[in-house]
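Participant: Sequence:
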Amino acid sequence: MSEINNILLDDIIKNYVKDGTTFSVVCATERRGENVIQLLNAYFENLTVEIINNEIQLFKNLTVIDNIYIDRVEALGRKKKKQIQECRELLNKFSIDFRPDTSLDKLTNEEQYIVALLKAYVLAPEVIILNNTVSSFGYYYYDAFSRIIRGFQEYGARIFLITNHWEDTLKFSKYVAVRADEDMFTVFTIEEIEQNPRKILFALAGDVVETEGEKNKKNAAYSAIFKGAELFAQNKELSEAMEYLTRQIAEAFSAQSCKVYFVGDNGEIFHYDSNKEDENKYLLRDDYVLQCMQRTTEQVFYTTKRNQDMGKIFRSLDPEIRVLLALPVIAIPKRVGLLAVSFDRYFTYQEEDLIFLKTNCHEIGQLVQSSQLINKSILLQEVYHRIKNNLQMIIGLIYMQKYTLKAEGIDEMPTEKAALLMDNIIGQIKSIAYVNELMTGEGYIDDKVSLEMAVENVVSLYRSDEFKISMHIENIHIPYKMTISICMLVNELICNACHHAYAEACDKVKLIDVSMKILDGKLYLSVRDNGSGIKNPDDYLKAGSTGITIIRNLLRELKGEIEVYSEEGLQVQVILPMPVKYYSKG
Numbered sequence: 001m002s003e004i005n006n007i008l009l010d011d012i013i014k015n016y017v018k019d020g021t022t023f024s025v026v027c028a029t030e031r032r033g034e035n036v037i038q039l040l041n042a043y044f045e046n047l048t049v050e051i052i053n054n055e056i057q058l059f060k061n062l063t064v065i066d067n068i069y070i071d072r073v074e075a076l077g078r079k080k081k082k083q084i085q086e087c088r089e090l091l092n093k094f095s096i097d098f099r100p101d102t103s104l105d106k107l108t109n110e111e112q113y114i115v116a117l118l119k120a121y122v123l124a125p126e127v128i129i130l131n132n133t134v135s136s137f138g139y140y141y142y143d144a145f146s147r148i149i150r151g152f153q154e155y156g157a158r159i160f161l162i163t164n165h166w167e168d169t170l171k172f173s174k175y176v177a178v179r180a181d182e183d184m185f186t187v188f189t190i191e192e193i194e195q196n197p198r199k200i201l202f203a204l205a206g207d208v209v210e211t212e213g214e215k216n217k218k219n220a221a222y223s224a225i226f227k228g229a230e231l232f233a234q235n236k237e238l239s240e241a242m243e244y245l246t247r248q249i250a251e252a253f254s255a256q257s258c259k260v261y262f263v264g265d266n267g268e269i270f271h272y273d274s275n276k277e278d279e280n281k282y283l284l285r286d287d288y289v290l291q292c293m294q295r296t297t298e299q300v301f302y303t304t305k306r307n308q309d310m311g312k313i314f315r316s317l318d319p320e321i322r323v324l325l326a327l328p329v330i331a332i333p334k335r336v337g338l339l340a341v342s343f344d345r346y347f348t349y350q351e352e353d354l355i356f357l358k359t360n361c362h363e364i365g366q367l368v369q370s371s372q373l374i375n376k377s378i379l380l381q382e383v384y385h386r387i388k389n390n391l392q393m394i395i396g397l398i399y400m401q402k403y404t405l406k407a408e409g410i411d412e413m414p415t416e417k418a419a420l421l422m423d424n425i426i427g428q429i430k431s432i433a434y435v436n437e438l439m440t441g442e443g444y445i446d447d448k449v450s451l452e453m454a455v456e457n458v459v460s461l462y463r464s465d466e467f468k469i470s471m472h473i474e475n476i477h478i479p480y481k482m483t484i485s486i487c488m489l490v491n492e493l494i495c496n497a498c499h500h501a502y503a504e505a506c507d508k509v510k511l512i513d514v515s516m517k518i519l520d521g522k523l524y525l526s527v528r529d530n531g532s533g534i535k536n537p538d539d540y541l542k543a544g545s546t547g548i549t550i551i552r553n554l555l556r557e558l559k560g561e562i563e564v565y566s567e568e569g570l571q572v573q574v575i576l577p578m579p580v581k582y583y584s585k586g
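Residue 80 in our numbering sits at position 80 of the sequence shown, and the numbers go up by one each step.
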């Protein structure tokens with residue numbers, strides 16, 4: 001530990017960190033956060049210290065109770081019954097509802113983190129260091145986290161919260177230290193931050209001393225950043241916070257436009273705009289945005305109309321635009337976006353302008369990270385809820401098959417019919433399972449699922465040497481629930497084609513084509529085969545089979561229409577309403 005850091009840390013701990021208190025340290029980068037942990041660990045070398053990171057050090061193959069007490073020597077010889085009782089009392093103390101004998105690999109990441117906190121609690125360390133943890137909690141386990149923190153405080157532990165998210169500091173600490181560089185800590189009270197949030201933002205940008213003129217110029221602008229974070233903290237949409245921030249930035253610089261560009265997981269570029277009514281004006285070209293994202297050595301992108309390449313930067317160069325100033329948005333450890341300000345006058349930026357814009361970029365990056373974490377937490381709860389509903393749907397399908405067989409008066413089912421029945425049920429179950437799987441993977445974007453990926457998984461169930469199935473599907477993302485219904489519909493239509501379209505003695509290559517496209521606010525789904533067709537296409541939905549019953553129910557649910565054609569085989573076309581707000585392309 002350097003002498004400067006030693007003096008600074010000693011002064012901070014003696015003046016601000018008492019037994020039973022929580023002290024926050026906000027760091028501009030993760031590396032500086034890790035350095036603070038090293039400093040604290042060395043400073044408290046004569047005390048018991050417990051460090052808890054996002055990467056939880058637990059044994060996934062052991063139970064909750066085994067992980068909690070594994071480092072308690074006196075607990076090893078204790079009878080299991082007594083240990084279980086003690087563990088239950090501990091869980092009840094903090095109102096945590098999972099069982100002591102639950103295997104850790106059955107718990108979510110949030111629940112595993114709660115176990116790590118409980119393990120630290122029973123060890124009763126004198127110092128607790130929590131590294132970038134608060135923002136990873138959803139609403140339910142945030143309360144549990146808070147209760148355990150209070151438990152640490154009650155027995156007198158000193159708690160250090162190391163974070164890149166300055167908003168976390170408002171929840172637990174009375175004092176906050178900002179570390180913008182290696183040899184500087186700036187301490188604020190929570191009251192100071194709440195009254196004037198620009199102080200902590202200014203310190204994060206690496207500048208502590210302001211002139212009176214700078215204070216007056218930036219006061220409203222930094223308050224706008226705080227307001228944007230506050231909007232997001234109040235469960236407003238990320239888009240609302242972004243639009244507010246870009247609008248305030250544009251006003252602060254008297255600029256024509258301020259936009260924030262982001263690159264999605266599948267490479268598409270989208271943006272938020274200071275002028276929502278005319279958001280397609282002053283748009284940057286996608287290749288320029290990507291180029292700025294890839295040039296990691298450059299921190300500022302500045303060009304004027306005098307530059308001949310200006311026309312290659314904008315999708316459509318407006319004659320009013322004279323200057324473009326852009327900075328990368330970083331959600332550690334990578335660049336995720338670009339903040340771009342367009343001026344209708346020649347503008348030369350000053351150092352204070354860069355400080356202001358970098359601070360905005362830092363805050364936008366934090367909002368993006370928070371949004372991703374909260375979405376994952378909400379998504380997990382939503383998955384549990386939807387899986388329960390889907391299991392009920394599966395049970396309903398099986399009962400439907402059962403009652404159909406009873407109505408047909410079948411006591412002993414032929415092997416072929418039993419196989420067909422099981423194929424149908426398996427197809428429906430797998431259709432639901434595949435969509436659930438997409439929800440937690442790269443096919444899931446903004447509560448929408450890749451229709452192409454979902455249908456591909458259904459089609460793969462029926463591909464074989466006997467059936468050649470082709471797909472022609474636009475790359476679109478639609479809401480989760482609609483995707484499940486469409487996949488079940490595709491499953492039934494393909495299943496019908498495979499089992500009813502061809503005569504038993506058919507020796508030609510059996511071809512099935514599945515296509516989907518969106519046209520004029522409607523989704524056109526078509527399943528076509530080259531089988532023998534049917535005499536009267538209008539009778540298609542009149543059959544009393546379980547499969548046709550499911551198709552009718554799904555059409556009713558989706559408010560869809562069906563058209564059946566019998567020319568050189570059978571084509572079943574389903575037309576579903578698909579307003580623009582329901583889907584995204586790319």
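Derived by calculation from the structure, the hints in this document are not laboratory data. Watch out, some of these pointers could steer you wrong.
[Claimed, not checked] Label-pair restraints from in silico Cβ distances:
| id | residue 1 | residue 2 | range |
| --- | --- | --- | --- |
| 1 | Lys535 | Thr102 | 19 to 29 Å |
| 2 | Pro577 | Lys80 | 35 to 45 Å |
| 3 | Glu568 | Lys517 | 17 to 27 Å |
| 4 | Glu126 | Asp287 | 47 to 57 Å |
| 5 | Glu126 | Lys81 | 50 to 60 Å |
| 6 | Arg147 | Gly311 | 56 to 66 Å |
| 7 | Lys305 | Lys334 | 43 to 53 Å |
| 8 | Asn92 | Asp10 | 36 to 46 Å |
| 9 | Asn475 | Ile84 | 27 to 37 Å |
The C-beta atom is built at its ideal place from N, Cα and C for all residues, glycine as well.
Participant: Against this structure, judge whether each hint is valid.
Facilitator: Do the hints match the structure? See the list:
1. At about 59 Å, the CB distance of Lys535 to Thr102 disagrees with the hint of 19 to 29 Å.
2. Taken as a hint, the range 35 to 45 Å is violated for the pair Pro577 and Lys80, whose Cβ atoms sit roughly 60 Å apart.
3. With their beta carbons about 21 Å apart, Glu568 and Lys517 fall inside the hinted range of 17 to 27 Å.
4. Checking the proposed 47 to 57 Å range against Glu126 and Asp287 shows it holds: the Cβ atoms sit about 56 Å from each other.
5. Distance hint for Glu126 and Lys81: a CB-CB separation of about 31 Å, inconsistent with the stated range 50 to 60 Å.
6. Taking the beta carbon of each, Arg147 and Gly311 are about 59 Å apart, inside 56 to 66 Å as hinted.
7. With their beta carbons about 32 Å apart, Lys305 and Lys334 fall outside the hinted range of 43 to 53 Å.
8. Against the hinted window of 36 to 46 Å, the Cβ-Cβ separation of Asn92 and Asp10 comes to about 40 Å, which satisfies the hint.
9. For the hinted restraint 27 to 37 Å between Asn475 and Ile84, the CB-CB distance of approximately 52 Å leaves it violated.
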